[in-house]
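Colleague: In order, the protein sequences belong to chains A and B. Position 95 (the first sequence) corresponds to 95 in this note's numbering; numbering is contiguous. Position 50 (the second sequence) corresponds to 50 in this note's numbering; numbering is contiguous.
Everything labelled a hint here was simulated from the structure, so no lab data went into it. Incorrect hints may appear among the rest.
Each computed DSS-like pair below joins lysine-lysine, with the alpha-carbon atoms no more than 25 Å apart [unchecked claim]:
hint	chain 1	residue 1	chain 2	residue 2
1	A	Lys142	A	Lys110
2	A	Lys110	B	Lys11
3	B	Lys41	A	Lys41
4	B	Lys41	B	Lys11
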Amino acid sequence: MSARIGVVTFPGSLDDQDAARAVRVAGAEPVSLWHGDADLKGVDAVVLPGGFSYGDYLRCGAIARFAPVMQNVIDSARDGLPVLGICNGFQILCESHLLPGALIRNDVRKFVCRDQQLRVENANTAWTSDYHEGQEILIPLKNGEGGFVADDRTLDELEGEGRVVFRYLQDNPNGSYRDIAGITNDRGNVVGLMPHPEHAVELLTGPSLDGLGFFASVISHLVDA
Amino acid sequence: MARVVVDVMLKPEILDPQGQAVLGALTRLGHSDIASVRQGKRFEIVLDAAPDAASLDEIASTLLANTVIEDYSIHVEES
Chain A
1 MSARIGVVTF
11 PGSLDDQDAA
21 RAVRVAGAEP
31 VSLWHGDADL
41 KGVDAVVLPG
51 GFSYGDYLRC
61 GAIARFAPVM
71 QNVIDSARDG
81 LPVLGICNGF
91 QILCESHLLP
101 GALIRNDVRK
111 FVCRDQQLRV
121 ENANTAWTSD
131 YHEGQEILIP
141 LKNGEGGFVA
151 DDRTLDELEG
161 EGRVVFRYLQ
171 DNPNGSYRDI
181 AGITNDRGNV
191 VGLMPHPEHA
201 VELLTGPSLD
211 GLGFFASVIS
221 HLVDA
Chain B
1 MARVVVDVML
11 KPEILDPQGQ
21 AVLGALTRLG
31 HSDIASVRQG
41 KRFEIVLDAA
51 PDAASLDEIA
61 STLLANTVIE
71 DYSIHVEES
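Just need the whole structure built from these sequences, with the hints factored in.
Modeller: In structure tokens form, the structure reads like this:
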């Protein structure tokens, strides 16, 4: 039986269909989850997709955090459920305090949309075991509020515990402290990043196939578990 | 009834690109004597009941402000 991976749709989500497609291309079964329905439908993992949930009102992800589905996502993530937050999903994970820090407006004051080179810094999480440490991957990036910030103590802790999962290579696109593009929690089951692996799973529409590894990783993680 | 104002500001150490953009515009408008601009948010809340300090603090700290990057202050204005 193939792994069932839930993709949450919030009002204002944009990339839920692409995330579901990436799950399918990788060989798992995508399951649509609705923000207003607390039921996780027994999924084995959850993707919080990109977009502008609740219009980015208040702060990006601040209102989505309190959606009915999120209480179960938060509780299950604390129990080890693999959760991947992409872009707005990363912002929601930070607002939920499943991941430390916050995302603020890009220092360049512009929306940045480009293919972005990243270095995989941690290949031991539920979502990155298909890569190897130091591997360079190319996936799309598109955000206006992607600057990762945290206090120095938190940043030192993330670095010291190997919880920086991805770092921007070449130009830092948004002023993220220490070039951080993605991080994980101490257990390695929750990963958030600003760039979009779900847009790099087919050569027709993506710059590479480098995003497939996220979904392949979680599928093998679920088989091993 | 009571009126409560909650002001939310980015912490001083957090970069404020919006404030910088406003500063740039003011400079272009000829206001050359402005050292810095920081932009925040103001919430005006009207309560049906008497204000309760603990619940106002919860409202401000759980939703109105993200205390990782923002500070808030609460002012109760009796009407």
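Colleague: Go through the numbered hints given earlier and state which of them the structure violates, listing their numbers in rising order.
Modeller: Per hint list: single violation, 3.
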